[in-house]
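Novice: Now for the letters of each chain:
There are 4 protein chains.
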Amino acid sequence: MISFTNDYSECAHPLILKNLAEHCYEQNAGYGLDNHCKRASDLIRSYIGNVNVDIHYLNGGTQTNLTVLSAMLRPFDAVISTERGHINTHETGAIEGCGHKVLAMPGEDGKLTPADIEEAVQMHFSEHMVHPAAVYISDTTEIGSVYTKAELTALREVCTRHHLYLFLDGARLGAALTSTANDLTLRDLAWLTDVFTIGGTKNGALAGEAVVISNDVIQRDFRFYMKHTGAMNAKGFVLGMQFETLFQNRLYFRLAEHANNMAQLLKDACVAAGFPFLTKPVSNQIFPVVDDASLEKLQKDFNFEVWEKADEDHTIIRFVTSWATREEQVQELVQALKALKEN
Amino acid sequence: MISFTNDYSECAHPLILKNLAEHCYEQNAGYGLDNHCKRASDLIRSYIGNVNVDIHYLNGGTQTNLTVLSAMLRPFDAVISTERGHINTHETGAIEGCGHKVLAMPGEDGKLTPADIEEAVQMHFSEHMVHPAAVYISDTTEIGSVYTKAELTALREVCTRHHLYLFLDGARLGAALTSTANDLTLRDLAWLTDVFTIGGTKNGALAGEAVVISNDVIQRDFRFYMKHTGAMNAKGFVLGMQFETLFQNRLYFRLAEHANNMAQLLKDACVAAGFPFLTKPVSNQIFPVVDDASLEKLQKDFNFEVWEKADEDHTIIRFVTSWATREEQVQELVQALKALKEN
Amino acid sequence: MISFTNDYSECAHPLILKNLAEHCYEQNAGYGLDNHCKRASDLIRSYIGNVNVDIHYLNGGTQTNLTVLSAMLRPFDAVISTERGHINTHETGAIEGCGHKVLAMPGEDGKLTPADIEEAVQMHFSEHMVHPAAVYISDTTEIGSVYTKAELTALREVCTRHHLYLFLDGARLGAALTSTANDLTLRDLAWLTDVFTIGGTKNGALAGEAVVISNDVIQRDFRFYMKHTGAMNAKGFVLGMQFETLFQNRLYFRLAEHANNMAQLLKDACVAAGFPFLTKPVSNQIFPVVDDASLEKLQKDFNFEVWEKADEDHTIIRFVTSWATREEQVQELVQALKALKEN
Amino acid sequence: MISFTNDYSECAHPLILKNLAEHCYEQNAGYGLDNHCKRASDLIRSYIGNVNVDIHYLNGGTQTNLTVLSAMLRPFDAVISTERGHINTHETGAIEGCGHKVLAMPGEDGKLTPADIEEAVQMHFSEHMVHPAAVYISDTTEIGSVYTKAELTALREVCTRHHLYLFLDGARLGAALTSTANDLTLRDLAWLTDVFTIGGTKNGALAGEAVVISNDVIQRDFRFYMKHTGAMNAKGFVLGMQFETLFQNRLYFRLAEHANNMAQLLKDACVAAGFPFLTKPVSNQIFPVVDDASLEKLQKDFNFEVWEKADEDHTIIRFVTSWATREEQVQELVQALKALKEN
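Residue numbers (the numbering used here), protein chains in the order written: chain A, 1 to 343; chain B, 344 to 686; chain C, 687 to 1029; chain D, 1030 to 1372.
Just so you know, these hints were derived from the structure itself, not from any lab.
Virtual Cβ for every residue (Gly too), placed ideally from N, Cα, C.
Wrong hints could be hidden among the right ones.
[To be verified] With the C-beta cut set under 8 Å, the calculated list includes, among others, these residues of chain C facing chain B:
| # | residue |
| --- | --- |
| 1 | ASN705 |
| 2 | PHE762 |
| 3 | HIS810 |
| 4 | PHE811 |
| 5 | ALA819 |
| 6 | HIS849 |
| 7 | ARG906 |
| 8 | ARG909 |
| 9 | PHE910 |
| 10 | HIS914 |
| 11 | GLU1014 |
[Stated by the list, open to error] Computed, partial: chain A to chain B, Cβ under 7 Å:
| # | residue |
| --- | --- |
| 12 | SER3 |
| 13 | LEU17 |
| 14 | THR62 |
| 15 | ALA324 |
[Unchecked claim] Heads up, simulated EDC-like pairs for lysine to aspartate or glutamate below, C-alpha to C-alpha not over 16 Å straight-line:
| # | chain 1 | residue 1 | chain 2 | residue 2 |
| --- | --- | --- | --- | --- |
| 16 | B | LYS361 | A | GLU22 |
| 17 | A | LYS309 | C | ASP902 |
| 18 | A | LYS297 | A | ASP313 |
| 19 | A | LYS18 | B | GLU365 |
| 20 | B | LYS652 | D | GLU1148 |
| 21 | D | LYS1309 | D | GLU1051 |
| 22 | C | LYS704 | D | GLU1051 |
Let the hints inform the model, and build the full structure from the sequences given.
Specialist: This is how it looks when you write it as structure tokens:
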């Protein structure tokens, strides 16, 4: 049964495995101090230009979020997020486990707004309350929407005004940067955020998130934080080799673009079938709202996530495509969607 | 320059990379709920027999240690270790970061003794002190020694008497189980410990520690702990695929045996050169004590770790071999050792 | 300037200070293992009857909340509270500091409802999310409302069904139990909760919260938790002496009754002045909604808290009375309220 | 039975209780922002001179230590202490509970030495280890010895050289400053440490430690740390009133002097009885080494702590005197010691 459940179902892109295999017996320095990590970082820096960034490679998203926020927050400091924010809902309290409150604000279309930040700051004005010290956003967001440069700039401004770090979780940054709705570049991200991540796990790597740090306060001693949270890999070069491959010949962007294109085919089929969307479908996650009869039929032949009830007899579902999604798989679902309409 | 610095310098055994490549586009369930993890666990269980174990796959050693100990300890509980214990010295306070004191006892030959445990328990008798609730040991130890079945059984007895969990860190378990000094099996470990780990990172995998839990209290909700500490991989199947390969046709043991054999060649050369050892060299880490003139010569052509000063003009050094160490590399060092003597 | 800001402005009731002075040079056992604590607990137990409770004496509210919740929750466990809950808003992240997420639900009239709990439990169904394991309520609530026996029984039932501990913060328990809206007794609380507290700080003591534990799992090792969080006083007997006095001749209830009576006089004056209330005024905290012209006049002669804006030109304020509030102080404010109406 | 077990057996000095009673109904600002705290701090500052210090009042020793160290340390930072240090042995893992390793060094005569600090710093040189960032000492120490100005100056120098905060736990600072072995003043402490405390609990107060902060980095936001750890009292003025009394007319010093004098009488009697000491008896704690026959006799009529076995048939015991110890109580023990010798 074909799965559109997520973008981390498949192992890794063949070119990545090829790079690993070619260096099978090569001896490397441990803990990320090797030449593959160095080359990967140089490749990433070539997209960033003259912002002085530090780049580290960690395993997964929750680990990355808790390590970065540990480095940003003092014990009584809190992080502002949308209610849907991954750190607020799907990390089993990992941020609280590091001692920090997540201040969940409503957001709009899955995105945090300057007004959300202002309100969170205004609400916390004394030592009897937590102190907001960082802002967490995801691009693409948890519902597949993307930030524009204007939106991110506005967030940066309010963060600067209130002395807040801005941290962008790019677990699906490839999908964001190659979305038709996007006008941001890696260079913009380095300018506008204090820390952002470039997700590998959901875009062709076996695992791995590159953490790009432009704020020099956070740069200092970050490796201590990594080791302290169990996030420093003995074989750091395995992550380095993967990002080295991903950023050669723009593979990272080409894989994400493919995933987005596959999702657009599904989007068109949903539109044709008359299904509305939770939010405008612009990346590799789309959220059609389907009647429950259609839902039941689709579930017979395809795996995908049931997101939440829309109303009495409609349900929001999620289709996710990936670097590995083949067009013939998509066409099967397109046909199924077409068949729903015809019945 | 050939490196005998550690056993995590090389990427991964070709058979592991082959297994990954063969399943490159296969769609798998996320978070370790896939068939590769299941098969790997079945293979491991085939060595364990009728002990009811849960098996989970995590990324690295520090992460594994902090996750297991989080599951074992209440806020005021402490873990007993040797002074040399990895959790006591080389994890940047990760265990304390989870809120727990490490009670460091002297140990003998790198190994914890029943007397160490008794003393730690006797010293902590009231609510004004931490409460010892778990014992941490490593096999092989941090200095390459191994536990015998009699020793482990004695530790188990004192742990049972004092209601202490027994946790064995097997980051180098392959080297231990294939050491000439060993008489333990995986089945023994499952019987005698509450939790033990089977290290992949230092024995041919890209990364990965298998956590084998026989205590049913620790089994319950362990996945919550994993997610909470950022230790649950989205692509858990990548770890599953690797352990699947390692436990087919006894590859895990064959790789470790190779590493130990390579170390024995080095040991013989050290003996011939007249170098004594910090501790009896029985696994893939050996610690010759060399005069400083010899040290300087060796450092010209080989990478290895300088462990600590032995006296005014002697130094303890560490040679580590791995699954990937080729005999010709070893012979180069053997010749160099021989040359030292001849001069 | 007379203050109606809170109920912890004045030192302590003279009978408490008298008890301390009378035992000035008496030698007592340390850490709460003395006879005064024992007698205080026996007095409290005389109100509770045949529920087997442990009683401990801690200094303050935040300290008590973080210690009790530390004893109830594993690292990935969360506590359900109303959005207004003290642990959610006014403890500077102390609960998160112990590693736990506060799941904030809307509540009704400041009180948590069974539906709130059901919803929180339904929303958290997998290991990717925190695990709700305890419920926190306050009586009186943060806005002065009180739970009825029927309401508390309903919460108990839903807690039992979902294996949730029920913890009642009684920082203002005196005001609750002597409210005209109350039909609960200390005995009911011991039956219906796992842990509840009897607040001394806000009802005549220098400081001190009695923690009454009926759940035997939480009873075990609670003193370890106290010491671990810095909540075990060397001179525990100082707290014991105070609760000894408070529970002789029902002083605790008489002081709270007095505070409530004083608040009722203010309530009547507010009603006469035509001011509505945020919630029905039934305890020693009342929240009239005043026009901003009146607000300004009142602020000239009295101290009280401005709670929040009600609308463009109305503000919710808070008047708090205490065991120490004298009727002539209240009459001054009553006259001021009367004068507002006359103008 | 007379107790020489500790210096926190008796309630509080009558003048303290008198001050509380005289302000029984006075309305004060909450959370330590009142005039009594202000006056107490002004009185303390009058001893300190031109060092710009912030002063806060907390309840107890463990609470104070965990709050101060929370403010000094980042997650991976560690604190250096002697092995006997209170934070290392008798706080039930409170410092580890805040996430920090205690690096326990041997010390000399209960005191930390510059060489201890140097060694701890040299041993921790990479991101794989905790990072020493603070030094904890106690004056008097846990075995009653006191630091000289020369010793404290030498510690300050090594701390400055290695960027370490210096924190002096003055739970028994009164006994230290009035010891015949002392040449330090409060002013010296403010110059030489980053934070020191003035213990009230063990010198006549109901409870309370004054935290004196001269380092401006630690001064900033310290009240957030206090609230976060549950260490901010609603009725902060109760602590303020007590320190106000203690620092009027040098009461604090006079009480401590009395305790030390009482201990000297006991010391003389021990010397006459031929008992050696664990360490030179210079403050209100003395540690005679008694034969076990004498021990048994003394235990019939007096309470005191059995410290540890000295050898097969000798035991180190501890006598502690306090502000409340009356000379006739001491004389009873003196006679008992004399009687031992005569038999």
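Novice: Take the hints in turn and mark each one as holding or not.
Specialist: These are the hints, each one checked on the structure:
{"no.": "1", "hint": "ASN705", "result": "27 Å, violated"}
{"no.": "2", "hint": "PHE762", "result": "4 Å, holds"}
{"no.": "3", "hint": "HIS810", "result": "11 Å, violated"}
{"no.": "4", "hint": "PHE811", "result": "12 Å, violated"}
{"no.": "5", "hint": "ALA819", "result": "11 Å, violated"}
{"no.": "6", "hint": "HIS849", "result": "12 Å, violated"}
{"no.": "7", "hint": "ARG906", "result": "10 Å, violated"}
{"no.": "8", "hint": "ARG909", "result": "4 Å, holds"}
{"no.": "9", "hint": "PHE910", "result": "4 Å, holds"}
{"no.": "10", "hint": "HIS914", "result": "4 Å, holds"}
{"no.": "11", "hint": "GLU1014", "result": "48 Å, violated"}
{"no.": "12", "hint": "SER3", "result": "5 Å, holds"}
{"no.": "13", "hint": "LEU17", "result": "5 Å, holds"}
{"no.": "14", "hint": "THR62", "result": "4 Å, holds"}
{"no.": "15", "hint": "ALA324", "result": "5 Å, holds"}
{"no.": "16", "hint": "B:LYS361 x A:GLU22", "result": "12 Å, holds"}
{"no.": "17", "hint": "A:LYS309 x C:ASP902", "result": "41 Å, violated"}
{"no.": "18", "hint": "A:LYS297 x A:ASP313", "result": "14 Å, holds"}
{"no.": "19", "hint": "A:LYS18 x B:GLU365", "result": "12 Å, holds"}
{"no.": "20", "hint": "B:LYS652 x D:GLU1148", "result": "14 Å, holds"}
{"no.": "21", "hint": "D:LYS1309 x D:GLU1051", "result": "42 Å, violated"}
{"no.": "22", "hint": "C:LYS704 x D:GLU1051", "result": "12 Å, holds"}
The earlier numbered hints that this structure contradicts are 1, 3, 4, 5, 6, 7, 11, 17 and 21.
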